[in-house]
Amino acid sequence: MNGLDLALPMMMMGDAEPRPANPEVVQLVALARTGDRAAFGRLIEDHLTAARRLALAAVGQPMDADEAVQEASVAAWTRLGGLQDPAAFRGWFMRIVWRKAIDRRRSLRSWFDRFGTSTTDDEQPMQFATSDPSPDAQLMSRELELAIAQVVRALPKKLRDPFLLAASGDHRYEEIAMLLSIPIGTVKWRISEARRMIRAKLERLGHGDPR
Amino acid sequence: MNTNREHLDDAIDRVAKRLTHVEDDAVFASRVIASLPERATWFGWLTQSWAPRLAMIAVIVVAAVLWNNRRTTELPAVEIAANAPPLVPLPDAVEPVAPVRTKPVERLERLEPLEPRSDFDRSLPAVASPVAIDLASLTTGALPAEDSLSLPSLVIADLPLTAETFPQRD
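Here the protein sequences come in this chain order: A and B. Every letter in the first sequence is one number past the one before it in our numbering, and letter 140, counting from 1, is 140. Going from the second sequence to our numbering is simple: count from 1 and add 211.
Hints listed in this document are in silico derivations from the structure and should not be mistaken for laboratory results. Any given hint could turn out to be false.
Just a few of them, taken from the derived set where beta-carbon distance is under 10 Å, the chain A residues facing chain B [claimed, not checked]:
| # | residue |
| --- | --- |
| 1 | I44 |
| 2 | A55 |
| 3 | L56 |
| 4 | S73 |
| 5 | W77 |
| 6 | V151 |
| 7 | A154 |
| 8 | I182 |
Below, a list of computed lysine to aspartate or glutamate pairs in the DMTMM-like style, where the Cα atoms sit at most 20 Å apart [as the list claims (entries may be wrong)]:
| # | chain 1 | residue 1 | chain 2 | residue 2 |
| --- | --- | --- | --- | --- |
| 9 | A | K157 | A | E24 |
| 10 | A | K157 | A | E174 |
| 11 | A | K158 | B | D224 |
| 12 | B | K228 | A | E145 |
| 13 | A | K157 | A | D103 |
| 14 | B | K228 | A | E143 |
| 15 | A | K201 | B | D224 |
| 16 | A | K201 | B | E317 |
| 17 | A | K201 | B | D221 |
| 18 | B | K228 | A | E71 |
| 19 | A | K201 | A | E174 |
| 20 | A | K157 | B | D224 |
| 21 | A | K158 | A | D85 |
| 22 | A | K158 | A | E193 |
| 23 | B | K228 | A | E24 |
| 24 | B | K314 | B | D303 |
| 25 | A | K158 | A | E71 |
| 26 | A | K158 | A | E174 |
| 27 | A | K157 | A | D85 |
In this text, a Cβ means the ideal position worked out from N, Cα and C, and glycines have one as well.
Sequences are here, hints too, so could you generate the full structure?
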């Protein structure tokens, strides 16, 4: 393993093999092109969770993410005739979702504030590992995770976007590269750099690696 | 060292994954499907909103009015035939036309330069006074003292001014 792989412990997803063409997707796309709403609904349902995570990574607010996904679904429905390869529906749809989410993020202008006041942060407690039995350990872990969340939010967009997309677990590096219109090597470097910056900031906050 | 670092990396991954976590929402999918519009066709813009519809209706009405009001006056065929010039019969055979050739340029004679002539050459001949005026009789001593002055009338013969007297101009 090289240094880059060490920097990406969990986000290593299979990035070598392309996704095989799903004949069911091809058939659903063909039906949806004829105006079959049920077929298009099946397509959307199959990719809905990944699309919502993708939009959430961009806008940071679940409500805005859902609106972006809804706009993207309508756009995909109206532009379905322009899809060249039906087997590439997933990537095509995700690009539409990402563009809609980015448009929404630009219009919001207050991504950090909205992310910081997200109700989900308050309503949903952090999920602690079962190996943290003591209350002190739980408290420390919670403080650490809150600090990590703040540091991630404060990352530059160029680093935060690929980092969160990779963290969502739905996208390969080449998909992230296509979404962001950058080379795969740049994607890996930015994810590694994001992690390095997070560690460095956590050290300054007293949560660093005690070497 | 590695344990702490792995612990930190795990925490980073866990938080990052949580930042993109979404709850399952079965209603959302049906809401998205319900919001899909009718599939747009190439003429869908014409049938889906009122503004293009009204514009198209206006265009059709204007075109119909213009078509009904178009000029339909036509000359009768008999009148056209009567006013037409008589047809010239074509010759049976066309005579060959001599080719047009350029003629050689004739040599021009050398012209002598014109000498300027004096103005008096073109002037009228001097007119002789028909009657000599006797000015001696007009002396102050010869004038009567009281009577009114009277002069004999002058008689002027016809001047020799005819067309032949004028010299020809060059």
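Against the structure, the hints:
1. I44: holds (6 Å)
2. A55: holds (9 Å)
3. L56: holds (5 Å)
4. S73: holds (5 Å)
5. W77: holds (5 Å)
6. V151: holds (9 Å)
7. A154: Cβ of A154(A) sits 13 Å from chain B, so the hint is violated.
8. I182: Violated. Min distance 19 Å.
9. K157(A) with E24(A): violated (36 Å)
10. K157(A) with E174(A): holds (19 Å)
11. K158(A) with D224(B): Holds, at about 18 Å.
12. K228(B) with E145(A): holds (12 Å)
13. K157(A) with D103(A): Measuring from Cα to Cα gives roughly 14 Å; hence the hint holds.
14. K228(B) with E143(A): Holds. K228(B) to E143(A) sits at ~17 Å (cutoff 20 Å).
15. K201(A) with D224(B): Holds, because 16 Å separates the two Cα atoms, which is no more than 20 Å.
16. K201(A) with E317(B): violated (111 Å)
17. K201(A) with D221(B): holds (16 Å)
18. K228(B) with E71(A): The hint is violated at about 24 Å.
19. K201(A) with E174(A): violated (28 Å)
20. K157(A) with D224(B): At roughly 18 Å apart (the allowed maximum being 20 Å), D224(B) and K157(A) satisfy the hint.
21. K158(A) with D85(A): violated (30 Å)
22. K158(A) with E193(A): holds (10 Å)
23. K228(B) with E24(A): violated (29 Å)
24. K314(B) with D303(B): violated (32 Å)
25. K158(A) with E71(A): Violated: K158(A) and E71(A) sit about 24 Å apart, past 20 Å.
26. K158(A) with E174(A): The hint holds at about 16 Å.
27. K157(A) with D85(A): violated (31 Å)
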